[in-house]
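Participant: Sequence:
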Amino acid sequence: MNTIINLLSKKISIAPLLVFRILFGLMVAYGALWSIGKGDIQMRYLKPTFFFKYYGMEWLEFVGDTGIYFLYAVWILSALGIILGAFYRLSIGSFFLVFTYLQALDATNYINHYYAISILALFLTLLPANAALSIDAWRKPQIKQHEIPYWYIGVFQVQVALIYTFAAIAKMNSDWLLAAMPLKIWLLQSQDFPLIGSLFKYHAVHLGMSWIGFLFDLTIAWWLWNSKTRKWAYIVVVIFHTMTGLLFNIGLFPILMIFSTIVFFSPNSQLSVLQRLGVKLSTQKSPQADHKLLICFFSLHFFVQVILPFRHHLLYNSNPLWSEEGYRFSWWVMLLEKEGMATFYVEDPNSERHWVVSNLEFLTPFQEKRMAIRPDHILQYAHHLAAVYARRYEIKDPIVRAEVFVAMNGRVSQQLIDPTVNLAAEKRSLWQKDWILPLQDAQ
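The working numbering numbers the first residue of the sequence shown as 26 and each following residue consecutively.
The set of hints was computed from the structure by calculation and includes no laboratory data.
Predicted model only: the values in this text are computed from it and were never measured.
We put the CB at the ideal spot given by N, CA and C, even for glycine.
Don't take every hint at face value.
To be verified - Here are the simulated distance ranges between beta carbons: (1) V88 <-> P390: 16 to 26 Å; (2) H316 <-> F87: 36 to 46 Å; (3) W456 <-> R417: 42 to 52 Å; (4) S34 <-> L464: 41 to 51 Å; (5) C321 <-> Y370: 48 to 58 Å; (6) N251 <-> S34: 38 to 48 Å; (7) A98 <-> K72: 45 to 55 Å.
Said to hold, decoys possible - As a list, the in silico BS3-like pairs of lysine-lysine whose alpha-carbon atoms are at most 27 Å apart: (8) K36 <-> K253; (9) K458 <-> K78; (10) K256 <-> K226; (11) K421 <-> K363.
Work out the full structure: start from the sequences and follow the hints.
Facilitator: As structure tokens, then:
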């Protein structure tokens, strides 16, 4: 135990923290411009009239159209502050709050790498990544330091390793390893890819790439931790994520992982790079800090990170790819290709009046597409419909039923929700839902 404590407490150069701060700032600055360019402000925030909430976060309110534009402006300014190390705590803290709010506002926005970005931003908020190579350190020389405990960087390494490892564990299923699903679907759609696209019609290629992806996720962190294999492992990281980024529409994920895995390089090698670029770090004695609260936080964080991906075994007796119970926040990466069609029926229990709902009256096309494959979203939407129809037609306790057909990973379309259940009377909870029909597992 003393050996582990000494290793974690060992003083190292602050260079890796500085490099990651700057790369992270560049990535989120690009992310803001990319999000604006592809129309996220309109599609995800201004057009919707109803937002899907995470369980327990129903209190989160929309800040209004002007507020969204303001938050994007804060996002961009915060990214600049992160890169330059200017008003750093304010910049990184503001980015963390703004970015997390924008993702939490509507649960249809959930993407694994957005979750990862929020986690890494929180880490940076808590650590002194502005103690050198920053405007703050120039303005306030007393905050300068050139050394930090190894665990300041270790927490980033562990987080990245957990993302890869749980992504591999999630791939230990017959869809991925035996049927090459959903990779087969995506590769068949990419046969026009330059040079190698003609190979994507072969099932052997689908299987081979599925296994390569699984083995990459399972082992890459260990190759990066090993100083003898680190350089070659990083080259593989760059090639792998560049290829997936070119082949599939996965946004910032390739950039995030290419930048994040740099934390595995030795502090001295990163310091050497900075010195070759003309950066001179202070050699003054680093201030002593009380790390007890930080250590408690990171210990709790990693406990939760390990438990969350296994919660579907503890709480649910269903296939999480189908029911999506325990699916989010578990690093289940690139495992699903689902298409759904959801038709909702509203009835007045006190008369013969009934309606077939036009979903696009209440949801954007993007929201409807996401809602139709996610049982929790279907339930929220049913509750919203019950409230709307109760007001609109003065109905007491309207009945809402749904016929939902979903095709998952190449299977034929099948019913996801029990069509006889009054969803308006079902309560949201974290427990298993008996109105979700089981997956008929034939491929």
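Participant: The structure should be examined with respect to each hint, and the outcome stated for every one.
Facilitator: Against the structure, the hints come out as follows:
1. V88 <-> P390: 16 to 26 Å: holds, 23 Å
2. H316 <-> F87: 36 to 46 Å: holds, 39 Å
3. W456 <-> R417: 42 to 52 Å: violated, 32 Å
4. S34 <-> L464: 41 to 51 Å: holds, 49 Å
5. C321 <-> Y370: 48 to 58 Å: holds, 51 Å
6. N251 <-> S34: 38 to 48 Å: Roughly 22 Å apart at Cβ, these two residues miss the hinted range, so it is violated.
7. A98 <-> K72: 45 to 55 Å: Violated, at about 20 Å.
8. K36 <-> K253: holds, 22 Å
9. K458 <-> K78: The given pair, whose Cα atoms are some 18 Å apart, holds under the 27 Å limit.
10. K256 <-> K226: This hinted pair is violated, its Cα atoms lying about 33 Å apart.
11. K421 <-> K363: violated, 35 Å
The structure fails hints 3, 6, 7, 10 and 11 (numbered hints given earlier, in ascending order).
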